[in-house]
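Using UniProt numbering, count along the sequence shown one by one with no gaps and you end on 188.
Because the hints were derived from the structure by calculation, they are not lab data.
Mixed in with the good hints there might be a few duds.
Quick list of in silico lysine to any residue cross-link-like pairs, SDA-like style, CA-CA up to 20 Å [to be verified]:
no., residue 1, residue 2
1, 53, 88
2, 53, 128
3, 53, 26
4, 125, 155
5, 125, 137
6, 53, 123
7, 53, 34
8, 125, 141
9, 53, 69
10, 53, 31
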Amino acid sequence: MTRAEASQRVRESIVAATVAIVAREGVGALTHRRVAAEAGVSLSSTTWHFATKADILEAALRWTADHEVARIAEIADRLGDAAFDPHAWAQELADWLIEQVTTERDVVVALYRLQIELADSPRAKETHHNWGRGLRALGERVLQDTPEVDIRLIVSTLDGLRLTVLLSGEDPAWLRDAVRRQLQALLG
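Put together the whole structure using the sequences plus the hints.
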């Protein structure tokens with residue numbers, strides 16, 4: 001392994017540790033020492049890669065946003081570039097949401113906490129802009145008429161459904177029908 005690869009692995013472990021701490025205990029619990037202990041790296045490694053707490057938080061936000069775009073891109077790739085099929089998309093998006101509120105719950109909780117904490121950060125706003133651009137690019141692959149508006153409506157709807165399940169602690173099985181109905185209502 002090269003030095004660059006080793007450095008990248010340390011950086012990734014720091015970001016993963018940050019996501020875990022933020023999900024479990026909130027942003028207020030985050031310190032360089034806590035991250036180093038969670039990641040199993042030296043304190044100097046955390047400060048070498050991320051000079052400030054804000055730097056670590058912004059990297060974690062970027063990672064969670066990139067992870068979400070990548071997962072939706074996988075869905076788009078799986079469904080292909082054929083004509084938009086609301087039923088197939090509803091099924092895939094519902095499966096993804098259920099996965100998010102169950103097996104990926106910590107990542108999603110961290111994402112929400114990071115978004116709120118970094119709401120006024122210019123670099124976080126840039127991350128959010130890039131995140132939106134990535135989602136719109138995916139929307140343009142499958143939505144014909146108004147992908148800009150449609151993708152915003154879809155993302156807002158999915159976000160609301162996901163947050164509802166996270167906060168209520170309910171069984172997420174109802175998401176399948178909700179996603180299907182919402183996509184039908186939004187896109188006809």
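Out of the numbered hints, which ones does the structure contradict? Hints 1, 8, 9 not satisfied by this model.
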